[in-house]
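Novice: All chains, full assembly: derive it from the sequences and hints.
If you read the sequences in order, they're chains D and V. Each residue of the first sequence is one higher than the one before, starting from 1 at the first, in the numbering used here. Each residue of the second sequence is one higher than the one before, starting from 1001 at the first, in the numbering used here.
If you are wondering where the hints come from, they were derived from the structure by calculation, not from laboratory data. Treat the hints with care, as some may be off.
Stated by the list, open to error - With a straight-line cut-off of 25 Å between C-alpha atoms, the simulated SDA-like cross-links for lysine to any residue are:
| hint | chain 1 | residue 1 | chain 2 | residue 2 |
| --- | --- | --- | --- | --- |
| 1 | D | K420 | D | T409 |
| 2 | V | K1016 | D | D390 |
| 3 | D | K97 | V | T1037 |
| 4 | V | K1016 | D | A391 |
| 5 | V | K1016 | D | F421 |
| 6 | D | K28 | V | A1123 |
| 7 | V | K1126 | D | D390 |
| 8 | V | K1120 | D | L371 |
| 9 | D | K28 | V | K1120 |
| 10 | D | K97 | D | Q44 |
| 11 | D | K28 | V | V1125 |
| 12 | D | K420 | V | D1013 |
| 13 | V | K1120 | D | V24 |
| 14 | D | K420 | V | I1010 |
| 15 | D | K28 | V | R1099 |
| 16 | D | K420 | V | R1024 |
| 17 | D | K420 | V | L1003 |
| 18 | D | K420 | V | Y1121 |
| 19 | D | K420 | V | A1116 |
| 20 | D | K97 | D | A204 |
| 21 | V | K1126 | D | A391 |
| 22 | D | K97 | D | E76 |
| 23 | D | K420 | V | Q1005 |
| 24 | V | K1120 | D | T38 |
| 25 | V | K1126 | D | C381 |
| 26 | V | K1120 | D | R22 |
| 27 | V | K1120 | D | E417 |
| 28 | D | K81 | D | P283 |
| 29 | V | K1120 | D | Q419 |
| 30 | D | K420 | V | L1023 |
| 31 | D | K420 | V | V1078 |
If you're wondering where the values come from, they're calculated on a predicted model, not measured in any experiment.
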Amino acid sequence: MTTTATPLDVVGVRADFPILGRTVREGKRLVYLDSGATSQRPKQVLDAERAFLETANAAVHRGAHQLAEEATDAYEGARQKIADFVGVKYGEIVFTKNATEGINLVAYAMGNAATAGPEAERFRIGPGDEIVVTEMEHHANLVPWQQLAARTGATLRWFGVTDEGRLDLSDLDELVTERTKVVAFTHQSNVLGTVNPVRVLADAARAVGALTVLDACQSVPHGPVDFTALGVDFAVFSGHKMLGPSGIGVLYGRRELLEALPPFLTGGSMIEMVHMARSTFAPPPARFEAGVPMTSQAVALGAAVDYLNAIGVDRIAAHEHQLTEAALRGLAAIPGVRIVGPTDVVDRGGAVSFVVDGIHAHDVGQVLDSLGVAVRVGHHCAWPLHRRMDAAATVRASFYLYNTLDEVTALVDAVREAQKFFGVA
Amino acid sequence: MQLQQMYQEIILDHYKNPHGRGLRDPYDAESHQINPTCGDEVTLRVSLDGDTVRDVSYDGQGCSISQASTSVLTDLVVGKPLGEAFEKMDAFVELMQGRGQVEPDEDVLEDGIAFAGVAKYPARVKCALLGWMAFKDAVARSEGAKA
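Specialist: Put into structure tokens, the structure is as follows:
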């Protein structure tokens, strides 16, 4: 991170996001602190999607007309932008419906390896093999692996989480062994904000010949991420958390792996040759994009990447760092508030979860909402992690480039207001 | 302020001083219900005396709305014939699903009318119905056990 860079112009950024100008709940200024769930979209992204639909909309990779050609260029151009954004090659990016589908794609393709050709040998998994995850995973990076284990007879194992919300790597050597086929883990916890040591896990996995699958949903939108440098085999992230549309996610796979991986969804577009009784499949990424894909969404996600690049991901990371630090300080100063996750900003992103003694998270969220402060409450699709952290439910504020220090203050004030309302101050 | 419409004093009273809380023996059937979106849960037991609800006991953890509505439930159904208990349940469900358009009958729902404001917040309706779903399920189980 360069210290000489000018800080992010948050006033200018906010002007690009029409939704931030609205009021909620009887005229309250909207304080949107739920970007960890979904981010808002700037005019540039909305305009790009509309412009594509008004000028070049067609089904891609088919059709002999000019629109089809332009639509295909726009779709594949977006793929290139996204590949550049995360430090990988064009052919290593697969578009999926969302990040969840990307993880399922890898898990199901591995299950399909049992009946695929010899090139898929390294993906085969069965009794005696192990899948390693962590206790801080979003359900999207846990349930598909539970299911793969159940279908194949493999064993699911996991890293624990320390009391302060860091990954417990003390049993790394016992967990990642020659039996391990996959190590699937999150880059940044969507609850704790913890940033995991990707290289340590990737190196350990590579040393035993295991594949790595990185959930990068909470990291790619918020700072510089280079999958090649991180040394992971697969990674997923979602469009709607990085200023893009919903309905599109991205799977990264190392080229040689994608070339050997059997398909997951099959049908049109993903074939090489089709006979009545059997078919052969297209090379990646087409092999993993069956059917007419989401096109305007891909184009808009490309525009989101342009927008993030124009602002600068280093600058965004520095801005969020400042907000996170202020939020941790402000919340920690309130008696009865417990931060669930690291209380310092070392290796930590801008998701801040907390509990308030004597008030259930839902009730805290309701008071915050009445003051215009939009947060998420519940277990945030990380139920085992909440159990581990002794919290039935938490309140989560999550920040992005358009949030301000004033909004952090609004959050802290609103939490105090909730304590007053429920008589626990 | 809208907040007071939702969190009526009656609701906060039931939340702070819940009626009938705690799991008790003997009982005929038990139901465990969860709200998968937030992780709230309730375990509820019914004890029947013929067709009369002799006791409802429960334990769980959740927000003020789910806890208070289960407390109100015990007031409404304990000592009542099952038919009447279900009428009250139907009235409460109708109120909660009415998006604030249903006028509650205090003779039927007593303290339950305080939840009218909650019905305007679709995300909280599940909270208010958690205990009631457990009651319905527990009665069905007890009838299943008898059959």
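Novice: If a hint holds in the structure, say so; if it doesn't, say that too.
Specialist: Against the structure, the hints:
1. K420/D - T409/D: 17 Å, holds
2. K1016/V - D390/D: Answer holds: K1016/V to D390/D is near 22 Å, not above 25 Å.
3. K97/D - T1037/V: Judged against 25 Å, a Cα distance of about 22 Å means the pair holds.
4. K1016/V - A391/D: 20 Å, holds
5. K1016/V - F421/D: Cα-Cα ~13 Å, so holds.
6. K28/D - A1123/V: 20 Å, holds
7. K1126/V - D390/D: At roughly 23 Å apart (the allowed maximum being 25 Å), D390/D and K1126/V satisfy the hint.
8. K1120/V - L371/D: With a Cα-Cα distance of about 17 Å, the restraint between K1120/V and L371/D holds, given a limit of 25 Å.
9. K28/D - K1120/V: 18 Å, holds
10. K97/D - Q44/D: With Cα atoms ~22 Å apart, K97/D and Q44/D stay inside 25 Å; holds.
11. K28/D - V1125/V: Holds, at roughly 23 Å.
12. K420/D - D1013/V: The hint holds at about 16 Å.
13. K1120/V - V24/D: 15 Å, holds
14. K420/D - I1010/V: The given pair, whose Cα atoms are some 18 Å apart, holds under the 25 Å limit.
15. K28/D - R1099/V: Judged against 25 Å, a Cα distance of about 22 Å means the pair holds.
16. K420/D - R1024/V: 34 Å, violated
17. K420/D - L1003/V: Holds. K420/D to L1003/V sits at ~13 Å (cutoff 25 Å).
18. K420/D - Y1121/V: With Cα atoms ~22 Å apart, K420/D and Y1121/V stay inside 25 Å; holds.
19. K420/D - A1116/V: Measuring from Cα to Cα gives roughly 23 Å; hence the hint holds.
20. K97/D - A204/D: Answer violated: K97/D to A204/D is near 31 Å, above 25 Å.
21. K1126/V - A391/D: Holds, at roughly 20 Å.
22. K97/D - E76/D: Between K97/D and E76/D the Cα gap is close to 16 Å, so the pair holds against 25 Å.
23. K420/D - Q1005/V: Holds: K420/D and Q1005/V sit about 17 Å apart, inside 25 Å.
24. K1120/V - T38/D: 24 Å, holds
25. K1126/V - C381/D: 18 Å, holds
26. K1120/V - R22/D: Roughly 21 Å between the alpha carbons, so the hint for K1120/V and R22/D holds.
27. K1120/V - E417/D: 22 Å, holds
28. K81/D - P283/D: It holds: about 20 Å lies between the C-alpha atoms, which stays within 25 Å.
29. K1120/V - Q419/D: Holds. K1120/V to Q419/D sits at ~23 Å (cutoff 25 Å).
30. K420/D - L1023/V: This hinted pair is violated, its Cα atoms lying about 31 Å apart.
31. K420/D - V1078/V: Violated, at roughly 34 Å.
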